[in-house]
Amino acid sequence: MRKNDFDFSIPIRQSKVAIAILIYKTFKIIVRQLWPVLLIFLIGRGGTEKNYLVIFISVVAIVSLVLSIIGYFRFYFHIKGDELIVHKGVINRKVLNISFDRIQTVNFEQNLIQQVFNVVGLKVDTAGSAKDEFSFDALDRDMAVALRETILSAKKESVLEENSITEQSSEQEFSPILELGVLDLIKIGASQNHFKSFGLIMLFFFWIYDNLQDAGINAEEYTESYLPEMSQALATVVIMAVILSVVSFLISLINTVFRYFDLKLLRGDRGFKIISGLFNRKEVAAMDHKIQMIQWGDNPLKRFFGMKDLQFKQASSVEVNSNKSIKVVGCYNEQIEEVKRHYFRSGAFDGLQGKGIDYRYLIRRIIFVGGIPALMLVTIAYFNIEQRWVLLGIAGLWLIWIILSSIVKFKKYRYDFNQWVMLVKKGMFGDYESLLKLIKVQNIKIQQTLYQKRNDLADIEFYTASGSATIPFIPHQDAKDIRDYILYKVETSKERWM
Amino acid sequence: MFFENEQISSDELPQIEHLYFESIESKYTTVAFISSFLFWLIIFAGLAAVYLLNDDTDKFKHAHWVLLGVALLAFAQIFVTMKSCKVKSFALREKDIIYRTGYLWYKEIAVPFNRVQHLEVVRGPIARMFNLASLKLFTAGGQQSDLKIPGLKPDKANRLKEVVSRKIRVDEEE
Numbered sequence: 001m002r003k004n005d006f007d008f009s010i011p012i013r014q015s016k017v018a019i020a021i022l023i024y025k026t027f028k029i030i031v032r033q034l035w036p037v038l039l040i041f042l043i044g045r046g047g048t049e050k051n052y053l054v055i056f057i058s059v060v061a062i063v064s065l066v067l068s069i070i071g072y073f074r075f076y077f078h079i080k081g082d083e084l085i086v087h088k089g090v091i092n093r094k095v096l097n098i099s100f101d102r103i104q105t106v107n108f109e110q111n112l113i114q115q116v117f118n119v120v121g122l123k124v125d126t127a128g129s130a131k132d133e134f135s136f137d138a139l140d141r142d143m144a145v146a147l148r149e150t151i152l153s154a155k156k157e158s159v160l161e162e163n164s165i166t167e168q169s170s171e172q173e174f175s176p177i178l179e180l181g182v183l184d185l186i187k188i189g190a191s192q193n194h195f196k197s198f199g200l201i202m203l204f205f206f207w208i209y210d211n212l213q214d215a216g217i218n219a220e221e222y223t224e225s226y227l228p229e230m231s232q233a234l235a236t237v238v239i240m241a242v243i244l245s246v247v248s249f250l251i252s253l254i255n256t257v258f259r260y261f262d263l264k265l266l267r268g269d270r271g272f273k274i275i276s277g278l279f280n281r282k283e284v285a286a287m288d289h290k291i292q293m294i295q296w297g298d299n300p301l302k303r304f305f306g307m308k309d310l311q312f313k314q315a316s317s318v319e320v321n322s323n324k325s326i327k328v329v330g331c332y333n334e335q336i337e338e339v340k341r342h343y344f345r346s347g348a349f350d351g352l353q354g355k356g357i358d359y360r361y362l363i364r365r366i367i368f369v370g371g372i373p374a375l376m377l378v379t380i381a382y383f384n385i386e387q388r389w390v391l392l393g394i395a396g397l398w399l400i401w402i403i404l405s406s407i408v409k410f411k412k413y414r415y416d417f418n419q420w421v422m423l424v425k426k427g428m429f430g431d432y433e434s435l436l437k438l439i440k441v442q443n444i445k446i447q448q449t450l451y452q453k454r455n456d457l458a459d460i461e462f463y464t465a466s467g468s469a470t471i472p473f474i475p476h477q478d479a480k481d482i483r484d485y486i487l488y489k490v491e492t493s494k495e496r497w498m
Numbered sequence: 001m002f003f004e005n006e007q008i009s010s011d012e013l014p015q016i017e018h019l020y021f022e023s024i025e026s027k028y029t030t031v032a033f034i035s036s037f038l039f040w041l042i043i044f045a046g047l048a049a050v051y052l053l054n055d056d057t058d059k060f061k062h063a064h065w066v067l068l069g070v071a072l073l074a075f076a077q078i079f080v081t082m083k084s085c086k087v088k089s090f091a092l093r094e095k096d097i098i099y100r101t102g103y104l105w106y107k108e109i110a111v112p113f114n115r116v117q118h119l120e121v122v123r124g125p126i127a128r129m130f131n132l133a134s135l136k137l138f139t140a141g142g143q144q145s146d147l148k149i150p151g152l153k154p155d156k157a158n159r160l161k162e163v164v165s166r167k168i169r170v171d172e173e174e
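Protein chains in written order, with this note's numbering: chain G, 1 to 498; chain F, 1 to 174.
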């Protein structure tokens, strides 16, 4: 065993490389906070202001340097019994005692600096409050591996289960399910949600415009001289739109390449491992018993390429939508089938059909989401003569949109369950499917509005330790039966669920 | 891993429907009323402050309509809150707890004990004046799936906490 090479009982500092990473991190935080100011200063013409800027930057740089170095020397750790003890903090000194059985996962991370120096960042997630979570900035790879083994094997001994989990990830045990090539990456980049990057760009421009004005530069003065006539203005708008679209597309693409470069989805004995990233390589483990739910979905563009995004929802102490849900982009159907095959026992999908929900879901949604807002708009239009036709137009379009989308949503809602799993399908533009093991459920809610009560219908929602699934508008009796059955499954299960 | 495939007839499953649900203390309705009332009082105080501190009367031509709207909303909210207190009830079973609440949105929430992480008895300032406490059941994951049962007598809340804690411990030892 490699772990004998290192003596963790005496306090150890991180690799010296950590200083560089700490400086880099501090610097990044400062730049992220202050770059608007920096930009304004760079654009602004003031002479004396620039001198202040230089002084300011130097002070910031020196302070961050000193803080980083102190931080490095103040950070050390050792193992005592089955506890990991970490000393840290520059101004407020802190001692963290983290017992092994509270440690959920130990993940590796490598950014560019860490890759060059062959050290790894280690992230330790604990069950408990968020303040106990911490990370190592740089450990020699061998030491990191040994530390992880020590923690996880000690943990295993203390758990003492018959189907004890071999959490050590000895690399050779893993077999690949998915490896993304360059072509895949381009497809993924192309099928991202471009509206998001478009929105970001727009925000960016508004923000620059705003700041320029604050700095005493009136952007309109400059632009107006370039836009003498209306017809040309229209042309400019069109050109701008095209440019913005191309830029959003490129941003999505670059973002995709950075994040998902050389993505590998691997399967081990008892879990999955995902490695990805160009400059910042992340290695994340998703153990079977930690996975609460598996979800996959697409959008029209992704469907065109036949690709889906897959998500492993993992149990976490912190909030549900934190980074604990691991996303694997660019899976084809075969890979999803393979993941399902590994994660669920054979026969888990026998007899799953996909039942629809009650048609009254459609009626209610059209009335409440479509009709009532439309009615309000019509009421306003009645009083507002100037914009009457615009308002009526919006009301009509809204109603049509809600009717169409409701029909699609209603048709796509499908659910079914058997002894092991619950399957919920839904979607509007895309198709989303959630699959969860019944025993992962930790809270079941049956909800009824007054209308549903009168019509003997109900919504049922299942909460797991990471995310939930809802089935709306099913017969009340069915909801009760499903609940009673799942409670029975959960309460009789001895399987490890988190 | 063994392959379990027991057949269970749905009639044999224990059904929540036939349980006896114990209502929370009726005093809690008063607690709920007071806290809602205080909430709306603060809102109204805020609105009044905005109205009085601003002398641009033209802008506040329709202020009375706004106030009327907020007042209606307040009444509706307080009414629904008090109504829902009547619904709040719970049933304890050997292996889980079921809680009913909500008037407009009626909810029935079931939490199995072997998924509960820990329990707490909490007492707010208003509840303390009425000698009431709440029992909170924490599950893993987010706040969404935690369960809070308000309006219990403190000794009953503590007793429930003891009972459930013991069940969790037994479950872990198995």
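The reader is advised that the hints may include incorrect statements.
For lysine to aspartate or glutamate, the following EDC-like pairs were computed, each having C-alpha atoms within a straight-line distance of at most 16 Å [claimed, not checked]:
#: 1; chain 1: F; residue 1: Lys107; chain 2: F; residue 2: Glu162
#: 2; chain 1: G; residue 1: Lys409; chain 2: G; residue 2: Glu386
#: 3; chain 1: G; residue 1: Lys489; chain 2: F; residue 2: Glu12
#: 4; chain 1: F; residue 1: Lys107; chain 2: G; residue 2: Glu491
#: 5; chain 1: F; residue 1: Lys107; chain 2: G; residue 2: Asp456
#: 6; chain 1: F; residue 1: Lys167; chain 2: G; residue 2: Glu433
#: 7; chain 1: F; residue 1: Lys95; chain 2: G; residue 2: Asp484
#: 8; chain 1: G; residue 1: Lys327; chain 2: G; residue 2: Asp269
#: 9; chain 1: G; residue 1: Lys453; chain 2: F; residue 2: Asp146
#: 10; chain 1: G; residue 1: Lys480; chain 2: F; residue 2: Asp146
#: 11; chain 1: G; residue 1: Lys489; chain 2: F; residue 2: Asp146
#: 12; chain 1: F; residue 1: Lys107; chain 2: G; residue 2: Asp262
#: 13; chain 1: G; residue 1: Lys355; chain 2: G; residue 2: Glu283
From the derived model, a few chain F residues whose C-beta atoms are all more than 10 Å from chain G [to be verified]:
#: 14; residue: Glu25
#: 15; residue: Val31
#: 16; residue: Ser36
#: 17; residue: Ile42
#: 18; residue: Ile43
#: 19; residue: Lys86
#: 20; residue: Leu92
#: 21; residue: Glu120
#: 22; residue: Ile126
#: 23; residue: Ala140
Derived by calculation from the structure, the hints in this document are not laboratory data. Positions of the beta carbon are idealized from the N, C-alpha and C atoms, including for glycine.
How the hints compare with the structure:
1. The straight-line distance between the Cα atoms of Lys107 (chain F) and Glu162 (chain F) is roughly 26 Å, outside the 16 Å bound, and the hint therefore fails.
2. Of the supplied pair hints, the one linking Lys409 (chain G) and Glu386 (chain G) is violated, its CA atoms being roughly 36 Å apart against a limit of 16 Å.
3. Our distance criterion of 16 Å between C-alpha atoms is met by Lys489 (chain G) and Glu12 (chain F), whose separation comes to about 13 Å.
4. Our distance criterion of 16 Å between C-alpha atoms is broken by Lys107 (chain F) and Glu491 (chain G), whose separation comes to about 21 Å.
5. This hinted pair checks out: Lys107 (chain F) and Asp456 (chain G) have alpha carbons roughly 14 Å apart, not beyond 16 Å.
6. With a C-alpha separation of about 35 Å, the suggested pair Lys167 (chain F) and Glu433 (chain G) falls outside the 16 Å cut-off, and the hint is violated.
7. For a cut-off of 16 Å, the pair hint linking Lys95 (chain F) to Asp484 (chain G) stands: about 12 Å separates their Cα positions.
8. Our distance criterion of 16 Å between C-alpha atoms is broken by Lys327 (chain G) and Asp269 (chain G), whose separation comes to about 20 Å.
9. A hinted pair counts as satisfied when its Cα atoms are at most 16 Å apart, and Lys453 (chain G) with Asp146 (chain F) does not qualify at roughly 25 Å.
10. A hinted pair counts as satisfied when its Cα atoms are at most 16 Å apart, and Lys480 (chain G) with Asp146 (chain F) does not qualify at roughly 20 Å.
11. With a C-alpha separation of about 20 Å, the suggested pair Lys489 (chain G) and Asp146 (chain F) falls outside the 16 Å cut-off, and the hint is violated.
12. For the hint linking Lys107 (chain F) to Asp262 (chain G), the alpha-carbon distance of about 47 Å lies beyond 16 Å, and the restraint is violated.
13. Between Lys355 (chain G) and Glu283 (chain G) the alpha-carbon distance is near 38 Å, which puts this suggested pair outside the 16 Å criterion.
14. The Cβ of Glu25 (chain F) lies farther than 10 Å from every Cβ of chain G, with a closest approach of about 23 Å, so its non-interface assignment holds.
15. Its beta-carbon lying about 24 Å from the closest one in chain G, Val31 (chain F) satisfies the requirement of being farther than 10 Å from that chain.
16. Every beta carbon of chain G lies more than 10 Å from that of Ser36 (chain F), the smallest distance being close to 20 Å; the non-interface claim holds.
17. Chain G leaves Ile42 (chain F) outside its interface by the beta-carbon criterion, the shortest separation being 28 Å against a cut-off of 10 Å.
18. The Cβ of Ile43 (chain F) lies farther than 10 Å from every Cβ of chain G, with a closest approach of about 23 Å, so its non-interface assignment holds.
19. Against chain G, the non-interface label of Lys86 (chain F) holds: every CB pair exceeds 10 Å, the least being about 15 Å.
20. The claim that Leu92 (chain F) lies off the interface holds: its Cβ sits roughly 14 Å from the closest Cβ of chain G, which is beyond the 10 Å cut-off.
21. For Glu120 (chain F), the shortest C-beta to C-beta distance to chain G comes to about 14 Å, beyond the 10 Å cut-off, and the non-interface label holds.
22. With 10 Å as the threshold on Cβ separation, the claim that Ile126 (chain F) sits away from chain G holds: the shortest Cβ distance comes to roughly 26 Å.
23. Consistency note on Ala140 (chain F): stated as away from chain G, yet its beta-carbon is not over 10 Å from all of that chain's, at 4 Å minimum.
In summary, the structure is inconsistent with hints 1, 2, 4, 6, 8, 9, 10, 11, 12, 13 and 23 from the numbered list given earlier, while agreeing with the others.
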